[in-house]
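A.B. asks: Sequence lines, in order, name chains E and Z.
Each step along the first sequence adds one to the number in the numbering used here, with nothing skipped, and position 148 is 148.
Each step along the second sequence adds one to the number in the numbering used here, with nothing skipped, and position 179 is 179.
Treat the hints as calculated values from the structure; they're not laboratory data.
All values reported here derive from a predicted model rather than from experimental measurement.
Each hint should be verified, as a subset may be incorrect.
Copies of the same chain look alike in the list, so a pair counts if it works inside one copy or between any two.
Stated by the list, open to error - The list that follows gives simulated cross-link-like pairs (lysine to aspartate or glutamate, DMTMM-like), each with its CA atoms no further than 25 Å apart:
#, residue 1, residue 2
1, K2, E13
2, K2, D176
3, K2, E35
4, K2, D38
5, K2, D174
6, K2, D24
7, K2, E28
8, K2, D115
Protein chains: 2
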Amino acid sequence: MKFDVGASIAVLERTPATLRALLDGLPEGWTQGNEGPDTFSPFDVVGHLIDGEETDWIPRARILLARQPDGRFSPYDRFRHRTRNAGRSLTSLLEELDRLRGDNVSLLRSWRLTDTELNLQAQHPTLGAVSLRQLIATWVAHDLGHLAQVARVMAKQYRAEVGPWIRFLPVLTDHDVPRS
Amino acid sequence: MKFDVGASIAVLERTPATLRALLDGLPEGWTQGNEGPDTFSPFDVVGHLIDGEETDWIPRARILLARQPDGRFSPYDRFRHRTRNAGRSLTSLLEELDRLRGDNVSLLRSWRLTDTELNLQAQHPTLGAVSLRQLIATWVAHDLGHLAQVARVMAKQYRAEVGPWIRFLPVLTDHDVPRS
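Kindly generate the complete structure, drawing on both the sequences and the hints.
C.D. replies: As structure tokens, this is what we get:
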């Protein structure tokens, strides 16, 4: 697929409702389980996506649109959510993600980005030069990667319960080395 | 997590709405793309889940509940959906999955399964003896595995568009050897 702003927004605007449909009201065994030390539970993933809305995607897009070729991004703190969301309910985080994402998608749409703007570049702290087009494509793929992670982490909570069927369920043996 | 019928139903009943929130109305580039020959697109996955509702989970549960220790399952035809759903719209398949799953979850709930029933066994065509508890746990993990697959397959449609960020997006390089 070639990059397209409208097709990207079509995914970005669906993520909060997808996560609510999947997670809201589930027993905590599903939403708080993870894949091991320093890996994310579904609760953690929702918090991490909120961090992205507040600190990553739109702030980085603004740096790119400021047209300073030496513009530099701040690193994405992948564990900010741990202290930010202590004691919060998953329902309230899902609502917050819905609101923040809705605002950010409205803003993104309002920019009516041109090819010239999509080609603007800035400096990623470890990856070097990246473009606004790549940033938005990454925002989409990042959502989908974490949705895949949520489903995988949930499936693994039943790893010991499926018996011999584990052979036909590769999702249960994916990523045996834990990662967040 | 220990197996629990209620916790299993909590996931099973959410799958149709999750897939609708994620997929309904998306551009076809997202819903028809796959990972290579003989792999599933999101459209294919919805068809495959419908096949499971019609031919696999409940029919196998009925064989188990019939208490015939030599009861044998029919194999799950993983490509039945290809001919069944030719020319169908994704929206109509999502509606059909919602209806079939709703009926099957109502039936499962109505059985009020006891531990004795959950321990009933039958013969899987390749795995040997399996229990009703393992069948229901597998139904849940199978849903979640295919949801993870849908998200992964969608993310890969932007694999060439994320530029240097591919290093931070393991979902784009998972399962380089295609599978359905």
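A.B. asks: At most 25 Å between CA atoms: does that hold for K2 and D176 within a copy, between copies, both, or neither?
C.D. replies: between (33 Å within a copy, 20 Å between copies)
A.B. asks: Tell me, please, which holds for K2 and D24 at an alpha-carbon limit of 25 Å: within, between, both or neither?
C.D. replies: between (33 Å within a copy, 20 Å between copies)
A.B. asks: Regarding K2 and D115, is the shortest C-alpha distance of 25 Å or less found within a copy, between copies, in both, or in neither?
C.D. replies: Within one copy only: 13 Å inside, 52 Å across.
A.B. asks: From the Cα coordinates, with 25 Å as the cut-off, is the pair K2 and D38 best called within, between, both, or neither?
C.D. replies: between (35 Å within a copy, 22 Å between copies)
A.B. asks: First find the shortest C-alpha distance between K2 and E35 inside one copy, then the shortest across copies, and answer within, between, both or neither for a cut-off of 25 Å.
C.D. replies: For K2 and E35, only the inter-copy Cα distance (16 Å) is at most 25 Å; the intra-copy one is 34 Å.
A.B. asks: How would you label the pair K2, E13 (within, between, both, or neither) given a Cα cut-off of 25 Å?
C.D. replies: The answer is within: 19 Å in one copy meets 25 Å, while 35 Å across copies does not.
A.B. asks: Quick one: K2 to D174, C-alpha cut-off 25 Å, is that within a copy, between copies, both, or neither?
C.D. replies: For K2 and D174, the Cα distance is within 25 Å only across copies (21 Å; inside one copy 29 Å).
A.B. asks: Using 25 Å as the alpha carbon limit, work out where K2 and E28 are close: within a copy, between copies, both or neither.
C.D. replies: Between copies, since 12 Å is at most 25 Å while 39 Å is not.
Of the numbered hints stated above, none is contradicted by the structure.
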